[in-house]
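Peer 1: So the chains spell out like this:
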Amino acid sequence: MEKQNAYGEQKKTDSFRRNWDTESYEKKARDREQQLRIEEEDERRRRKGLKSLARQPADAAKPREMLQARKQTVDLEGMVGKVQVVQASSAASGQPGFYCSVCDVTVKDSLTYLDHINGKNHQRMLNRGMKVASETVDDVLAKLESLRRIRKQRLKQSSADYDFHEQVKRQELLKEEKRQRRKRAQAQKKKKRQQHKSKADDGEEIDTETGSIDDNDDMLAAMGFSSFGASKRT
Amino acid sequence: MANRTANTALYVHGTNPQYLIDKTYRQRIYDSLYWKEHCFGLTVTGVMEKAVSLTSIGGCFGRTNRPTEFLCLLLKLLQLQPDRDMVDALVDQEDFKYLRALALVYFRMTQKPKDIYSKLEPLYKDYRKLRKRLHSGKHEIICMDELVDKLLTTQSVFSLSLPLMTLRRKMEDLGDLPPRISPLDETDSETDSDSELEEEDK
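Those protein sequence lines, which keep their order, are chains A and B. Just so we're aligned: 105 in our numbering is position 105 of the first sequence, and the numbers increase by one with no gaps anywhere. Adding 1000 to a residue's 1-based position in the second sequence gives its number in our numbering.
Keep in mind that the hints were calculated from the coordinates and are not lab data. The structure presented is a predicted model; accordingly, all values stated were derived computationally and were not measured. Just so you know, not all the hints are guaranteed correct.
To be verified - Label-pair restraints from in silico Cβ distances:
id : chain 1 : residue 1 : chain 2 : residue 2 : range
1  : B       : Thr-1055  : A       : Glu-33    : 56 to 62 Å
2  : B       : Leu-1167  : A       : Asn-121   : 34 to 40 Å
3  : B       : Gly-1137  : A       : Leu-126   : 55 to 61 Å
4  : B       : Tyr-1011  : A       : Thr-136   : 19 to 25 Å
5  : A       : Gln-87    : B       : Gly-1062  : 51 to 57 Å
6  : A       : Gly-97    : B       : Leu-1134  : 49 to 55 Å
7  : A       : Lys-71    : B       : Leu-1164  : 49 to 55 Å
8  : A       : Ala-91    : B       : Thr-1008  : 30 to 36 Å
9  : A       : Gly-81    : B       : Thr-1008  : 23 to 29 Å
10 : A       : Gln-34    : B       : Thr-1055  : 52 to 58 Å
11 : B       : Arg-1131  : A       : Gly-94    : 43 to 49 Å
12 : A       : Glu-145   : B       : Asp-1145  : 22 to 28 Å
13 : A       : Lys-71    : B       : Glu-1146  : 35 to 41 Å
14 : B       : Arg-1131  : A       : Arg-45    : 53 to 59 Å
To be verified - In silico EDC-like cross-links for lysine to aspartate or glutamate, where the CA-CA straight-line distance does not exceed 16 Å:
id : chain 1 : residue 1 : chain 2 : residue 2
15 : A       : Lys-152   : B       : Asp-1088
16 : A       : Lys-71    : B       : Glu-1049
17 : A       : Lys-143   : B       : Asp-1088
18 : A       : Lys-143   : B       : Glu-1094
19 : A       : Lys-143   : B       : Asp-1085
20 : B       : Lys-1112  : B       : Asp-1085
All residues carry an ideal CB built from backbone N, CA and C; glycine is no exception.
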């Protein structure tokens, strides 16, 4: 326990020693020991010609499933433009590249990544073999039928969506909107220009009162350049 | 391996069916992104699904000789080796032309000459247009009957070499095949007989 003073504040101890967080360090040491033990075990297994423990999936007892095609496309460009802190440790998850969370592996380019996720080891981690399910004619015919149905539906939908008169109306509206936008923009530009003009006039008046502009001009002319382009004079 | 031939597949023309595509082409397909990303773990129905959404047929294109999606799917079919009746179903269906084109090329590569002649010749009637990707990367229009003609009479399509095939003339001489009756002949003979009948009436 820390010592507390009468106001309930923590009292500074006179000891210069650091307070160690013993619990977390103990956990760390335990983990390290465990890892060492696994490595030793792996080494023993390797000598016997068996596979390492770390590579075996958790549910190795389950019967292996058939290979399946991916439903979604592989997201190769997901990290483009993102900033990631690279860890100095050797943990794979902190390294730059394509990280596979299933196998805890990071590979450095997209083709290798695709090779990895198509590979035997990765599929084994997902408890899948490398054989696809066999199919029969009935499957093929059923698939044809479903493809036909999908196409029919899509055609129906697209023809329902398309209405000629509606399209013409929409186009006209769009055109009108565009015209109005252009008009508004032009009006705004004109207004701005006028404002700018009046401001410039005011500025010059003030300057002529003090006589600084003329002096400056004389000086500039003497130096070889009469005026800068920005100031507009009438 | 993802590139291994199915273990139930039989040898075709004396080799592994995948070897029917030349090694250079095969290797390019294995290395292509489409193969790795979209063709992995496909079954025959999966290939059908992809083939339906194809937009062109062809071999390799571009400076780097990139294989077309069509070629990748063809290799996938060779790898899977669907049964004969499955291939028949794919050739016979009329709704999806790219799927039919794919099945046609597969049929030509793997079946016996007699079957090829009897199966493909009726398809001279299919005049639907297909988009063909040229080696330059541009597209060209080719009709289904042109493709069938190429498959039946030449040794290569899309610079993809096809297995040797006995000439039709020779097969007719041997009595393996009856002489071909063109659909044009059929209509001609009909009109002829009609006119004959008319003459008789007169």
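Peer 1: Now, for every hint given, state plainly whether the structure supports it.
Peer 2: Against the structure, the hints:
1. Checked against the hint of 56 to 62 Å, the pair Thr-1055/B and Glu-33/A passes, with Cβ atoms roughly 59 Å apart.
2. Between Leu-1167/B and Asn-121/A the Cβ separation comes to about 51 Å, which falls outside the hinted range of 34 to 40 Å.
3. Gly-1137/B and Leu-126/A have their C-beta atoms about 37 Å apart, which leaves the hinted 55 to 61 Å range violated.
4. Between Tyr-1011/B and Thr-136/A the CB atoms are about 22 Å apart, so this pair conforms to the stated range of 19 to 25 Å.
5. Between Gln-87/A and Gly-1062/B the C-beta distance comes to about 40 Å, which lies outside the given range of 51 to 57 Å.
6. At about 37 Å, the CB distance of Gly-97/A to Leu-1134/B disagrees with the hint of 49 to 55 Å.
7. For the pair Lys-71/A and Leu-1164/B, the supplied restraint of 49 to 55 Å is violated, since their beta-carbon distance comes to about 41 Å.
8. Remark: the range hint 30 to 36 Å for Ala-91/A to Thr-1008/B is contradicted by a beta-carbon distance near 42 Å.
9. For Gly-81/A and Thr-1008/B, the hinted distance range of 23 to 29 Å is not satisfied, since their beta carbons lie about 46 Å from each other.
10. The hinted window of 52 to 58 Å between Gln-34/A and Thr-1055/B holds, with their beta carbons roughly 55 Å apart.
11. At roughly 47 Å, the beta carbons of Arg-1131/B and Gly-94/A sit within the given window of 43 to 49 Å.
12. In this structure the supplied range 22 to 28 Å holds for Glu-145/A paired with Asp-1145/B, their Cβ-Cβ distance being about 27 Å.
13. Between Lys-71/A and Glu-1146/B the beta carbons are some 37 Å apart, a value that agrees with the proposed interval 35 to 41 Å.
14. Between Arg-1131/B and Arg-45/A the beta carbons are some 56 Å apart, a value that agrees with the proposed interval 53 to 59 Å.
15. Of the pairs offered as hints, the one joining Lys-152/A and Asp-1088/B is violated, with about 23 Å between alpha carbons and a cut-off of 16 Å exceeded.
16. Only pairs whose Cα atoms come within 16 Å are accepted, and Lys-71/A paired with Glu-1049/B is accepted, the gap being roughly 12 Å.
17. For a cut-off of 16 Å, the pair hint linking Lys-143/A to Asp-1088/B stands: about 14 Å separates their Cα positions.
18. Using a Cα cut-off of 16 Å, the hinted pair Lys-143/A and Glu-1094/B holds, with the two alpha carbons roughly 14 Å apart.
19. Restraint check: the Cα-Cα separation between Lys-143/A and Asp-1085/B comes to about 14 Å, which is no more than 16 Å; the hinted pair holds.
20. Our distance criterion of 16 Å between C-alpha atoms is met by Lys-1112/B and Asp-1085/B, whose separation comes to about 14 Å.
Comparing the model with each earlier hint shows violations of hints 2, 3, 5, 6, 7, 8, 9, 15; every other hint is respected.
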